[in-house]
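Protein chains: 4
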Amino acid sequence: MSVILAHNNYGKSKVRMVKVARHGDRHDLQEINVDIACEGDFETAHTLGDNSKVLPTDTMKNTVYALAKQVSDIEEIEAFALRLKDHFLNHNPQLSRITIEIDESMWTRILVGGKSHHHSFTKGGDEKHTTKVIATRDMVTIESGISDLLILKTTGSGFSGFIKDQYTTLPETTDRIFATVVKASWLYAKPEVATRTTWQGVRQLLLETFALHNSFSVQQTLYAMGENILENFADISEISLSLPNKHCLLVNLSAFGMENNNEIFVPTDEPHGLIEARLSRD
Amino acid sequence: MSVILAHNNYGKSKVRMVKVARHGDRHDLQEINVDIACEGDFETAHTLGDNSKVLPTDTMKNTVYALAKQVSDIEEIEAFALRLKDHFLNHNPQLSRITIEIDESMWTRILVGGKSHHHSFTKGGDEKHTTKVIATRDMVTIESGISDLLILKTTGSGFSGFIKDQYTTLPETTDRIFATVVKASWLYAKPEVATRTTWQGVRQLLLETFALHNSFSVQQTLYAMGENILENFADISEISLSLPNKHCLLVNLSAFGMENNNEIFVPTDEPHGLIEARLSRD
Amino acid sequence: MSVILAHNNYGKSKVRMVKVARHGDRHDLQEINVDIACEGDFETAHTLGDNSKVLPTDTMKNTVYALAKQVSDIEEIEAFALRLKDHFLNHNPQLSRITIEIDESMWTRILVGGKSHHHSFTKGGDEKHTTKVIATRDMVTIESGISDLLILKTTGSGFSGFIKDQYTTLPETTDRIFATVVKASWLYAKPEVATRTTWQGVRQLLLETFALHNSFSVQQTLYAMGENILENFADISEISLSLPNKHCLLVNLSAFGMENNNEIFVPTDEPHGLIEARLSRD
Amino acid sequence: MSVILAHNNYGKSKVRMVKVARHGDRHDLQEINVDIACEGDFETAHTLGDNSKVLPTDTMKNTVYALAKQVSDIEEIEAFALRLKDHFLNHNPQLSRITIEIDESMWTRILVGGKSHHHSFTKGGDEKHTTKVIATRDMVTIESGISDLLILKTTGSGFSGFIKDQYTTLPETTDRIFATVVKASWLYAKPEVATRTTWQGVRQLLLETFALHNSFSVQQTLYAMGENILENFADISEISLSLPNKHCLLVNLSAFGMENNNEIFVPTDEPHGLIEARLSRD
Numbered sequence: 076m077s078v079i080l081a082h083n084n085y086g087k088s089k090v091r092m093v094k095v096a097r098h099g100d101r102h103d104l105q106e107i108n109v110d111i112a113c114e115g116d117f118e119t120a121h122t123l124g125d126n127s128k129v130l131p132t133d134t135m136k137n138t139v140y141a142l143a144k145q146v147s148d149i150e151e152i153e154a155f156a157l158r159l160k161d162h163f164l165n166h167n168p169q170l171s172r173i174t175i176e177i178d179e180s181m182w183t184r185i186l187v188g189g190k191s192h193h194h195s196f197t198k199g200g201d202e203k204h205t206t207k208v209i210a211t212r213d214m215v216t217i218e219s220g221i222s223d224l225l226i227l228k229t230t231g232s233g234f235s236g237f238i239k240d241q242y243t244t245l246p247e248t249t250d251r252i253f254a255t256v257v258k259a260s261w262l263y264a265k266p267e268v269a270t271r272t273t274w275q276g277v278r279q280l281l282l283e284t285f286a287l288h289n290s291f292s293v294q295q296t297l298y299a300m301g302e303n304i305l306e307n308f309a310d311i312s313e314i315s316l317s318l319p320n321k322h323c324l325l326v327n328l329s330a331f332g333m334e335n336n337n338e339i340f341v342p343t344d345e346p347h348g349l350i351e352a353r354l355s356r357d
Numbered sequence: 076m077s078v079i080l081a082h083n084n085y086g087k088s089k090v091r092m093v094k095v096a097r098h099g100d101r102h103d104l105q106e107i108n109v110d111i112a113c114e115g116d117f118e119t120a121h122t123l124g125d126n127s128k129v130l131p132t133d134t135m136k137n138t139v140y141a142l143a144k145q146v147s148d149i150e151e152i153e154a155f156a157l158r159l160k161d162h163f164l165n166h167n168p169q170l171s172r173i174t175i176e177i178d179e180s181m182w183t184r185i186l187v188g189g190k191s192h193h194h195s196f197t198k199g200g201d202e203k204h205t206t207k208v209i210a211t212r213d214m215v216t217i218e219s220g221i222s223d224l225l226i227l228k229t230t231g232s233g234f235s236g237f238i239k240d241q242y243t244t245l246p247e248t249t250d251r252i253f254a255t256v257v258k259a260s261w262l263y264a265k266p267e268v269a270t271r272t273t274w275q276g277v278r279q280l281l282l283e284t285f286a287l288h289n290s291f292s293v294q295q296t297l298y299a300m301g302e303n304i305l306e307n308f309a310d311i312s313e314i315s316l317s318l319p320n321k322h323c324l325l326v327n328l329s330a331f332g333m334e335n336n337n338e339i340f341v342p343t344d345e346p347h348g349l350i351e352a353r354l355s356r357d
Numbered sequence: 076m077s078v079i080l081a082h083n084n085y086g087k088s089k090v091r092m093v094k095v096a097r098h099g100d101r102h103d104l105q106e107i108n109v110d111i112a113c114e115g116d117f118e119t120a121h122t123l124g125d126n127s128k129v130l131p132t133d134t135m136k137n138t139v140y141a142l143a144k145q146v147s148d149i150e151e152i153e154a155f156a157l158r159l160k161d162h163f164l165n166h167n168p169q170l171s172r173i174t175i176e177i178d179e180s181m182w183t184r185i186l187v188g189g190k191s192h193h194h195s196f197t198k199g200g201d202e203k204h205t206t207k208v209i210a211t212r213d214m215v216t217i218e219s220g221i222s223d224l225l226i227l228k229t230t231g232s233g234f235s236g237f238i239k240d241q242y243t244t245l246p247e248t249t250d251r252i253f254a255t256v257v258k259a260s261w262l263y264a265k266p267e268v269a270t271r272t273t274w275q276g277v278r279q280l281l282l283e284t285f286a287l288h289n290s291f292s293v294q295q296t297l298y299a300m301g302e303n304i305l306e307n308f309a310d311i312s313e314i315s316l317s318l319p320n321k322h323c324l325l326v327n328l329s330a331f332g333m334e335n336n337n338e339i340f341v342p343t344d345e346p347h348g349l350i351e352a353r354l355s356r357d
Numbered sequence: 076m077s078v079i080l081a082h083n084n085y086g087k088s089k090v091r092m093v094k095v096a097r098h099g100d101r102h103d104l105q106e107i108n109v110d111i112a113c114e115g116d117f118e119t120a121h122t123l124g125d126n127s128k129v130l131p132t133d134t135m136k137n138t139v140y141a142l143a144k145q146v147s148d149i150e151e152i153e154a155f156a157l158r159l160k161d162h163f164l165n166h167n168p169q170l171s172r173i174t175i176e177i178d179e180s181m182w183t184r185i186l187v188g189g190k191s192h193h194h195s196f197t198k199g200g201d202e203k204h205t206t207k208v209i210a211t212r213d214m215v216t217i218e219s220g221i222s223d224l225l226i227l228k229t230t231g232s233g234f235s236g237f238i239k240d241q242y243t244t245l246p247e248t249t250d251r252i253f254a255t256v257v258k259a260s261w262l263y264a265k266p267e268v269a270t271r272t273t274w275q276g277v278r279q280l281l282l283e284t285f286a287l288h289n290s291f292s293v294q295q296t297l298y299a300m301g302e303n304i305l306e307n308f309a310d311i312s313e314i315s316l317s318l319p320n321k322h323c324l325l326v327n328l329s330a331f332g333m334e335n336n337n338e339i340f341v342p343t344d345e346p347h348g349l350i351e352a353r354l355s356r357d
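Chains as they are written, first to last, in the working numbering: chain A, 76 to 357; chain B, 76 to 357; chain C, 76 to 357; chain D, 76 to 357.
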């Protein structure tokens, strides 16, 4: 019998970095997390223990810090990911493909006397700006996105007209809470359009669509969100959305002689619906 | 030999609730988590399995939902905790002491076209407004606070002049990152002063003090934060602060011929310094 | 412009269940977690809010419990996943493809006086037996595996002969700790060979290979583990392994006049190497 | 107004260590986590930024590693904690009180061909052996324990005869699942009796009592567990137990025409009952 190495990748994950750009009138702050995964000619590393083509993952970590230092200002994560992939591909002929994933946390300046402070910040929650750069020697794609953005609307959402079978107990409703943790990522048509301005525009339109949409289902709202992005951002060629349904269960207060008019809910983490789709242009 | 029940408490933890106040011009939203712990005459429950004085923790959970429903508007967590303790003490003569802890998450309205939306929200991170009400039949105390508030300053912090012994390797520094996750709680001199306005004032002054303080140590900044609160809020009788030192380590780039002028750091979660103190009035 | 729904799936995640088989001489216990994802004819749900073909995820949850009840004894998770996919495909013509993932936690009987107790158990850690059944109306595959199995060897592992570049600082070593959290999954050649006996045999051989292998790299040990499985289990057609390198860093004690002969280490979670491969038959 | 420093402590938390004792016939492995908290004469550090009496928490971390190296074999965590407190109190006259907390993870040898392997291990879950040493210059106490030990019994547990009020919906039951995560700690009458043999004996008796007890409530079982320890271990002067009630909810299958004879349950994490008590000798 013969065994073959059908696929392999290796790299460094969770390379965390805080970068400070020390301007006179202000310090700028960036906190990122970098994951690197390499593919290439690593057959003999696996089969023979021959490490002569293996760039250590520890060196990948060092490279993140050294290349970050080469640009003194804060750099957009898409640009940094492109520089990292260039470095690794240029210096490592054994690589055929590399994936660089970066996520950036949100920090906001502390207000002192109503004015943004020079060098002090608070972290704005779990939401992250993400990017994933995949490159070979012939192509590169950039897929940026948002993760861990928790949103909720208290009305404007229903769910009815669904299939009923012998195991159905869910009542139909025309008014429920809709809560979800947005994970969205979109593919840029070409690398140079991957700007922070676009990212912020997409984020805002996703939020507005969620707020304004009269939802018949998570599926329908997800589609509306994605469709709006594709219709308004010509440089985005496809968008993926993953929306867990963070159910808020209406508490039954009838045993206590009370009517619960969509006021008192139990938020739950599990089980949860999970609705996912990818929309693209025709 | 004789065994005695030196202490006991029981109750329900992690009772989660989302409450919606459905006003015409807007929906208000509140997400809280309630922990209840009861002490009292429960000796025979432990020793004999006699449950005749045991209010089930499931009933405590139901009570949280029922009492929340009794107030149609969003209620401050301190007021809700007081109502809960009143209910349990009034209806349960076997109780001698009760502790109600509530934490409230932060939600902010989604902006649509620059205006706050009627019923759609985003969650603002891990920061929580906390309160702890402890009551017997003769007294009640309210200790409110903040937890999980991550703050960072990129300069204005040093650490030097400390003890050196045979195991010291830490270099002195006059410029380092100072990052911490604030856990603060303060005791109100009397229940009626526990208002949201005070809470917001304390939060703002803690942030401003952190931003403006020229720090020689976490200890000194912690003290300055607490001292400022006691000096500016006459209704607060003591304050406790717990500040983990979330070390951001300066990356050594000298091996790559680079000088790291406090620009590139590795944020770490462990190990971490932990500095805690309680300040009170003389 | 026209938008198309390039891909979509929906279902229920984290459906948790504890099942008890109440035999006279013993109770058997099973704790599982089920994730269900459906694909099919859901275009109008997304585009029109038409739910007439949507089986609610709440019903999927109910179905898990109802179908579990139909088999009174504890059932292997592969068999249960197959029954679930049969049910959903048979009753839902709008489905074209379904994925059922189940993981099972490890529980062991408490020993009382040296004998296994009739109905009392302790949980044996985070390790899980996993399975993933993917089915259309024409095919079905079963990929079972192990997750969260933390293993460590204190010697028999080195890493040298690797590429050195301007960012390399890692020293070569012929003796280091090798710690990893095994995530392995293997594809059965046909559904009927997916037995618990095979699963236990694979688990044992993975552990033995890890223990006995003289490792030149994580890559090489990963390959040896996978190769051994394919060579010894004819019914397995491919195996995927994901091995994070949970680095245990040698503490530098030289500043204290001490030599650290691979005795004192700092275990770290981040950053970590991540080595992944899939091996198949030629 | 005058502010006073009512209490303060500082130290290092989450100092992780893996220690290997390299014997010829086997390697022994220990993974621990150390938390250190110091109290003493630190007023001027807080009020003046005077660090001349401050032993850096970084030095505390180094001291853990250096002192671990001084004992070549694996050391019981109680003995190591005592050595650490001696070191810090002896070398730091400004300290008045120190708390050393250590928890140790469970590792077991991999079996190869039925025999324990020389140097390869698997981690046995989340359960930890804990100890907490508190010392001043005049006294020392050792409180050891267990944390994160998840146990479950499928019968032999009921809950009835409790108070019913207007918010009660819980039905009485004579047969339910009882699941909890044991957190137990016991105070040794004197330091020299804090041995591993005693620890293992306590652990086993806690498990056996849980298994054999016919439970009318968590309170009663908790008491039986504690009472058994005090009656059988003369060197233990008090024991604290914290037992969250990890409710396993019986699934209502009646809507599907099925009777659920305590077979199908949903395990839940929240909300959970929390029952705590401390038992001591008269």
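In case anyone wonders, no lab produced these hints; they're calculated from the structure. These numbers come from a predicted model, not from an experiment. Please note: incorrect hints may appear among the correct ones.
[What the hints assert, rightly or not] If you want the ones that stay clear, here's a sample from chain B, every Cβ over 10 Å from chain A, calculated:
#1 Glu118
#2 Ser195
#3 Thr197
#4 Lys198
#5 Gly199
#6 Asp213
#7 Thr230
#8 Thr248
#9 Glu283
#10 Pro319
[What the hints assert, rightly or not] Only pairs whose alpha carbons sit at most 27 Å apart, straight line, appear in this in silico DSSO-like list of lysine-lysine:
#11 D:Lys321 - C:Lys89
#12 A:Lys89 - C:Lys128
#13 A:Lys239 - C:Lys190
#14 D:Lys265 - C:Lys190
#15 C:Lys190 - A:Lys128
#16 D:Lys144 - B:Lys128
#17 C:Lys203 - C:Lys321
#18 A:Lys321 - C:Lys207
#19 B:Lys258 - D:Lys89
#20 D:Lys89 - C:Lys190
#21 A:Lys144 - C:Lys239
#22 C:Lys203 - D:Lys258
#23 C:Lys258 - D:Lys207
#24 D:Lys190 - B:Lys203
Here a beta-carbon is modelled for each residue, glycine too, at the ideal position from N, C-alpha and C.
List in ascending order the numbers of the hints, as given earlier, that are violated by the structure.
-> Hints 2, 3, 4, 5, 7, 9, 12, 13, 14, 15, 16, 20, 23 and 24 contradicted; others consistent.
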